[in-house]
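From just these sequences and the hints, can you work out the full model?
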Amino acid sequence: MNIYFSSRDIPSISHLPLTERLARIQQAQNSLTGPEKLLLNVLKLSVLLPIFILIFRSTENWYSLLWAALVAALYPVVLRPIQYSLCAKYLPKIDHQGE
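Residue numbers for the sequence shown follow our numbering, so the first one is 1 and each next one is one higher.
Read the hints as simulated data drawn from the structure, not as lab findings. Note that the structure is a prediction, hence the values are computed from the model and not measured. Careful: at least some of the hints might be erroneous.
What the hints assert, rightly or not - Using C-beta positions, here's what the derived DEER-type ranges look like: (1) 33 with 62: 41 to 51 Å; (2) 70 with 5: 16 to 26 Å; (3) 58 with 14: 41 to 51 Å; (4) 37 with 92: 13 to 23 Å.
To be verified - Derived DSSO-like pairs: lysine-lysine, alpha-carbon spacing no greater than 27 Å straight-line: (5) 37 with 89; (6) 37 with 93; (7) 44 with 89.
Positions of the beta carbon are idealized from the N, C-alpha and C atoms, including for glycine.
Laid out in structure tokens, this is it:
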């Protein structure tokens, strides 16, 4: 499984404009199997849960809010490559013969 950090890195949709790439990724995400969706949702939950725990701890320590902001900033950095990698196999392959 390849890791794609941007939608421009996915070979089958790299030539498309951003809105079209996002639409194709959304269609591919709708095609994910149950276990793949479960994996993606568990990973999202494992990133979001510490944010709320740190916010609740902010009554004891104000630095918890800074840590919560840092973890929230890491949310797309961690999850987007995994999402793109899971969706890439459901995108149509490039057909160079028609060009």
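These are the hints, each one checked on the structure:
Between residue 33 and residue 62, the C-beta spacing of about 43 Å keeps the proposed range 41 to 51 Å intact. Against the hinted window of 16 to 26 Å, the Cβ-Cβ separation of residue 70 and residue 5 comes to about 19 Å, which satisfies the hint. About 42 Å separates the C-beta atoms of residue 58 and residue 14, a value consistent with the hinted range of 41 to 51 Å. Distance hint check: the CB atoms of residue 37 and residue 92 are about 20 Å apart, consistent with the given range 13 to 23 Å.
Distance check on the hinted pair: residue 37 and residue 89 sit about 14 Å apart at the alpha-carbon level, within 27 Å; holds. Distance check on the hinted pair: residue 37 and residue 93 sit about 22 Å apart at the alpha-carbon level, within 27 Å; holds. This hinted pair checks out: residue 44 and residue 89 have alpha carbons roughly 20 Å apart, not beyond 27 Å.
In this structure, every one of the numbered hints holds.
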